[in-house]
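Asker: The numbering of the sequence shown is the numbering used here, which starts it at 5 and goes up by one.
One should not assume that every hint holds.
Said to hold, decoys possible - As a list, the in silico DSBU-like pairs of lysine-lysine whose alpha-carbon atoms are at most 35 Å apart:
hint: 1; residue 1: 146; residue 2: 68
hint: 2; residue 1: 68; residue 2: 101
hint: 3; residue 1: 131; residue 2: 148
hint: 4; residue 1: 101; residue 2: 142
hint: 5; residue 1: 131; residue 2: 142
hint: 6; residue 1: 99; residue 2: 148
hint: 7; residue 1: 139; residue 2: 99
hint: 8; residue 1: 148; residue 2: 59
hint: 9; residue 1: 68; residue 2: 94
hint: 10; residue 1: 146; residue 2: 101
hint: 11; residue 1: 59; residue 2: 94
hint: 12; residue 1: 34; residue 2: 99
hint: 13; residue 1: 59; residue 2: 101
hint: 14; residue 1: 139; residue 2: 59
hint: 15; residue 1: 59; residue 2: 146
hint: 16; residue 1: 34; residue 2: 148
hint: 17; residue 1: 148; residue 2: 68
hint: 18; residue 1: 131; residue 2: 68
hint: 19; residue 1: 101; residue 2: 139
hint: 20; residue 1: 34; residue 2: 131
hint: 21; residue 1: 139; residue 2: 68
hint: 22; residue 1: 148; residue 2: 94
hint: 23; residue 1: 94; residue 2: 139
hint: 24; residue 1: 131; residue 2: 59
hint: 25; residue 1: 34; residue 2: 59
hint: 26; residue 1: 34; residue 2: 142
hint: 27; residue 1: 148; residue 2: 101
hint: 28; residue 1: 59; residue 2: 99
hint: 29; residue 1: 94; residue 2: 131
Because the hints were derived from the structure by calculation, they are not lab data.
What you are looking at is a predicted structure, and each value in this text was computed from that prediction instead of being measured.
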Amino acid sequence: MKKLVLIIIIGSMVCLSGCGEGQSNNEKAKLYNDNEAIVESYDSFNYLFRNSEGKNSEFEMNFKTFSGTDTIMEINSDGKEELTLTYNTKVNRGKLKLVFINPNNEFEIIIEGEGNGDYTTTLESGKYRVKAVGKDAKGSLKIKADTDANVRVNGEE
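Between the sequences and the hints, there should be enough to build the whole structure, so can you do that?
Answerer: What follows is the structure, encoded as structure tokens:
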């Protein structure tokens, strides 16, 4: 009898923990169209799989089932500096966009979906961020910053 009760308790715990995780993934997926959440200074994301590397003003990532917002690059400018972001994104499933956030927490979409190209802007003084925003996305991205400003990419110390 004790074994049966123990099996029922463990089975219930497994079922309940699975339900909670699904809700968490769903909440992260809702962030894709939430402009206020996108510009927040913190990140909120889930990955089923993520392999990334950041160095020398360049960031690369392969991912599966990515939902939420993830800061992949921070740029600190003393003002009047040119910035060119060269990007390449591949999306096999779901939705992905890269956004550029200025010091006033206003953002522009660099790319939504799959593609490659350049995004160029002039930086005023302040802190800028590049975020990946996903909704059940599977794919890869690569982005490189060309500027005299101080750039820190996710993965660098």
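Asker: Does each hint fit the structure? Answer for all of them.
Answerer: Here is what the structure says about each hint:
1. A threshold of 35 Å between alpha carbons decides the hint, and for residue 146 with residue 68 the separation of about 15 Å falls inside it, so the pair holds.
2. At most 35 Å may separate the alpha-carbon atoms for a hinted pair to count; residue 68 and residue 101 meet this at roughly 15 Å.
3. A hinted pair counts as satisfied when its Cα atoms are at most 35 Å apart, and residue 131 with residue 148 qualifies at roughly 17 Å.
4. Annotation: proposed proximity of residue 101 to residue 142 holds, straight-line Cα distance about 12 Å (limit 35 Å).
5. Simply put, residue 131 and residue 142 have alpha-carbon atoms about 29 Å apart, close enough for the 35 Å limit, and the pair holds.
6. For the hint pairing residue 99 with residue 148, the CA-to-CA distance comes to about 21 Å; that is within 35 Å, so the pair holds.
7. Taking the CA atoms of residue 139 and residue 99, the gap is near 5 Å; set against the 35 Å cutoff, the hint holds.
8. The hinted pair formed by residue 148 and residue 59 meets the criterion: a straight-line CA distance of about 10 Å does not exceed 35 Å.
9. Pair hint residue 68 plus residue 94 holds up; C-alpha atoms about 12 Å apart against a cutoff of 35 Å.
10. For the proposed pair residue 146 and residue 101, the alpha carbon gap of about 12 Å is at most 35 Å, so the pair holds.
11. Between residue 59 and residue 94, the direct Cα distance comes to roughly 20 Å. Compliance with the 35 Å bound is thereby established for this hinted pair.
12. Taking the CA atoms of residue 34 and residue 99, the gap is near 12 Å; set against the 35 Å cutoff, the hint holds.
13. For the hint pairing residue 59 with residue 101, the CA-to-CA distance comes to about 21 Å; that is within 35 Å, so the pair holds.
14. For the hint linking residue 139 to residue 59, the alpha-carbon distance of about 26 Å falls within 35 Å, and the restraint holds.
15. Taking the CA atoms of residue 59 and residue 146, the gap is near 12 Å; set against the 35 Å cutoff, the hint holds.
16. Straight-line distance between C-alpha atoms of residue 34 and residue 148 comes to about 28 Å, which keeps the hinted pair within the 35 Å bound.
17. A threshold of 35 Å between alpha carbons decides the hint, and for residue 148 with residue 68 the separation of about 21 Å falls inside it, so the pair holds.
18. Among the hinted pairs, residue 131 with residue 68 is consistent with the structure: their alpha-carbon atoms are about 29 Å apart, no more than 35 Å.
19. For the proposed pair residue 101 and residue 139, the alpha carbon gap of about 9 Å is at most 35 Å, so the pair holds.
20. The straight-line distance between the Cα atoms of residue 34 and residue 131 is roughly 26 Å, inside the 35 Å bound, and the hint therefore holds.
21. For a cut-off of 35 Å, the pair hint linking residue 139 to residue 68 stands: about 11 Å separates their Cα positions.
22. The straight-line distance between the Cα atoms of residue 148 and residue 94 is roughly 15 Å, inside the 35 Å bound, and the hint therefore holds.
23. For a cut-off of 35 Å, the pair hint linking residue 94 to residue 139 stands: about 14 Å separates their Cα positions.
24. For the hint pairing residue 131 with residue 59, the CA-to-CA distance comes to about 19 Å; that is within 35 Å, so the pair holds.
25. Straight-line distance between C-alpha atoms of residue 34 and residue 59 comes to about 30 Å, which keeps the hinted pair within the 35 Å bound.
26. For the suggested pair residue 34 and residue 142, the alpha carbons sit about 16 Å apart, so the restraint of at most 35 Å is met.
27. For the given pair, residue 148 sits about 16 Å from residue 101 by alpha-carbon distance, which is consistent with the 35 Å threshold.
28. Between residue 59 and residue 99 the CA atoms are separated by roughly 26 Å; this keeps the pair inside 35 Å, and the hint holds.
29. For the suggested pair residue 94 and residue 131, the alpha carbons sit about 28 Å apart, so the restraint of at most 35 Å is met.
The earlier numbered hints are all upheld by this structure, with none contradicted.
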